[in-house]
Amino acid sequence: MGALSDKNIELLNDLIAINNDRIEGYAKAIDLVDKEKDIDIISLFEKIGQQSQQFKAALTPLLVREGERPTETHNTMGELYRMWMDTRIGIAGDDRYSILAACEKAEAVFEKIYVDIWRGATDMPEKLVDMIKSQSEVQKNTQAEVASLRDEHGPA
Numbered sequence: 002m003g004a005l006s007d008k009n010i011e012l013l014n015d016l017i018a019i020n021n022d023r024i025e026g027y028a029k030a031i032d033l034v035d036k037e038k039d040i041d042i043i044s045l046f047e048k049i050g051q052q053s054q055q056f057k058a059a060l061t062p063l064l065v066r067e068g069e070r071p072t073e074t075h076n077t078m079g080e081l082y083r084m085w086m087d088t089r090i091g092i093a094g095d096d097r098y099s100i101l102a103a104c105e106k107a108e109a110v111f112e113k114i115y116v117d118i119w120r121g122a123t124d125m126p127e128k129l130v131d132m133i134k135s136q137s138e139v140q141k142n143t144q145a146e147v148a149s150l151r152d153e154h155g156p157a
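Quick note on our numbering: the sequence shown kicks off at 2 and runs consecutively.
Rather than coming from a laboratory, the hints here were simulated on the basis of the structure.
Among the clues, some could well be false.
Simulated restraints on C-beta separations [as the list claims (entries may be wrong)]:
1) 155 <-> 113: 23 to 29 Å
2) 96 <-> 48: 18 to 24 Å
3) 66 <-> 142: 25 to 31 Å
4) 62 <-> 155: 40 to 46 Å
All values derive from a computational prediction rather than experimental measurement.
Note that CB positions come from ideal geometry on N, CA and C, so glycine has one too.
Using the sequences and the hints given, assemble the complete structure.
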């Protein structure tokens, strides 16, 4: 215990919180699409939710080892969550392109937060920085998948 600074513990909790936001956001996005026509979108959104669950599962033991309890709340800045709420309000009907475009924008916010955290981690152990970078790379590939699917559906 005590290997991580208070700042790094806070950063880990921020990562867990934005993953909570992401999980909730994609659950909301699934509710917005047509359950019969949008199987491909639902499959991708479920995969992304599972990805964030895996990210949290990798981060949580690091906090527990420090004697800390991982957050169950959302990102304190609320950027990602607010984006999802705005998305929900701004989308009408089953416009697949708009939903995917909003999700791609949310993924860009998610990526920026992740990159800002690992770039700002000056005293973080290298193994931890590598894990965060790895999660960021996986997420970046996912963002490309969302963008590709969005482009397949074209503007409404």
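Task: Violated constraints from the hint list, given by number and in increasing order - done: none
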